[in-house]
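Chain by chain, the residues run as shown.
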Amino acid sequence: MPDIMTVLQNLPQATAPADQAVVAADVARGHRAVSRRRQQRIGFTAAAVAVVAGVAVGAGQFGGTATPATTATGATHVTAASLKMVAFTGKQPAGFEVTTVPDGWTVISSQPYEFVVAPPGQETGGGPSAGPSTGPAPVFYDGRIAVYLVGDGPGPRASQTEKVDINGKPGKLGAFPKSATAPDAHWLTFPSDHGTVVVQVPDSTGLNNDQIITFARGITVTDAVR
Amino acid sequence: MASPQARPGKVGDRLKATPEQDREFTEFVTARRAGLVRIAELLVSGDPAKGEDVVQMALTRLYLSWPKVRPETADAYARRCVVNAAIDERRRLFRRREQSFAELPDVAALDELASDNDRVVALLKTLPTGMRAAVVLRYIEGLSVPETAAAMRCSEGNVKSQSARGLQRLREFFPARQPHLA
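Chains A and B, in that order, are what the protein sequence lines are. Here our numbering is used: the first sequence runs in plain steps of one and ends on residue 226. Here our numbering is used: the second sequence runs in plain steps of one and ends on residue 182.
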């Protein structure tokens, strides 16, 4: 009977150099992370400048009242006046029914436990981060709305959440923690008879909170869900 | 094996990425990626897909920090990124990046696994994350206690106790899982 130490030390080693395409994808991810960090810093700087300018203007005009600063710091989520919510007329996803989507968006992928809605021009599954894959072609969620079921649990992490009403059910709206390796995104959860529904919406989609809530209110979990 | 050259720079230089830094990073990743994937797979219970996810996250963080990583510590820093990303992956239950599939591959029960290697990888899943990292880095990757402590960002004493207890746990289960020979 071999000793556990011998088995551990004799586990096969990986020594082959990585494929150049895989490494190139790593570098590309690094470039995108740099861009995201740069944009975050620019945004932070712009917000700080706006706050300072607002305080200065407020102090000058109203003798120290700095109300303009509130509007500058409150804009943490994109506004999406250009996106219009319309009735969904395409093929319904398996396990769910969806009635309202952003104009022109379609269900590009559906499983009995989740579905993905993508904007025009992104009807294929792979996103910009898609790399070499040996299994079934994955559908990436960057820039798309993903809806999936999860079991009972504490829910996604967020610094603060907002209570929302989803067709009479208590929903919660929050944002995923900031990450250097993933795009900023919001989430909305609400209970169903089959588990908790999570709506994951990257900020790059352009949907604001009201539109996320409208989208979520149009989701029904059917008995076909698994 | 390629090794990163000296990189004069300071924190924040990554915002001005240069072709030279990209070339050094590419050389480093080409040489070390397979080993990092292996560590990541063992840290996330032998799941190749999760291991790949972890390495991608770790290498992205490494890329952001590349200008301030000294050549002599690049290996240790990369391992630390992998360990941290593996822990983050375990915590991040809800954030999804791509679609999962209902049809899972068949996985043999522990008793039915053919080789000792398969058995020990399956047993690693039963260890807590920190203990598993200590065992993987110390006994599979062959790192010293200080190197493991650097990768796990903890004290050497913690590494010694975690790795010893992890090994003891594996020993408790490993003989009992041997197949019965008729």
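I should point out that these hints are in silico values taken from the structure, not numbers from a laboratory. Remember, predicted model here, so these are calculated numbers, not experimental data. You may find that some hints are simply not true.
[To be verified] Chain B side only, calculated, beta carbon under 8 Å to chain A, not exhaustive: (1) PHE25; (2) THR26; (3) CYS154; (4) LEU170.
[Said to hold, decoys possible] Here are the simulated lysine-lysine pairs, DSS-like style, with alpha carbons at most 27 Å apart: (5) B/LYS50 x B/LYS125; (6) A/LYS178 x B/LYS160; (7) A/LYS178 x B/LYS68; (8) A/LYS163 x A/LYS91; (9) A/LYS91 x A/LYS178; (10) A/LYS178 x A/LYS163.
Glycine included, every Cβ here is placed at the ideal spot set by N, Cα and C.
Here is how each hint holds up against the structure:
At a threshold of 8 Å, the smallest CB-CB gap from B/PHE25 to chain A is about 6 Å, leaving the interface hint in force. At its closest, the beta carbon of B/THR26 sits 6 Å from a beta carbon of chain A; the interface hint therefore holds under the 8 Å criterion. Because the smallest distance between the Cβ of B/CYS154 and any Cβ of chain A comes to about 20 Å, over 8 Å, the interface hint for this residue is violated. Proximity of B/LEU170 to chain A holds as hinted, the smallest CB-CB distance being about 5 Å (cut-off 8 Å).
Between B/LYS50 and B/LYS125 the alpha-carbon distance is near 13 Å, which keeps this suggested pair within the 27 Å criterion. For the hint linking A/LYS178 to B/LYS160, the alpha-carbon distance of about 34 Å lies beyond 27 Å, and the restraint is violated. Note on A/LYS178 and B/LYS68: the hinted pairing holds, with a Cα-Cα distance of about 22 Å set against a maximum of 27 Å. Annotation: proposed proximity of A/LYS163 to A/LYS91 is violated, straight-line Cα distance about 31 Å (limit 27 Å).
At most 27 Å may separate the alpha-carbon atoms for a hinted pair to count; A/LYS91 and A/LYS178 exceed this at roughly 34 Å. Distance hint between A/LYS178 and A/LYS163 is fulfilled; the C-alpha atoms sit about 21 Å from each other, no more than 27 Å.
Checked against the numbered hints given earlier, this structure breaks hints 3, 6, 8 and 9; the rest are met.
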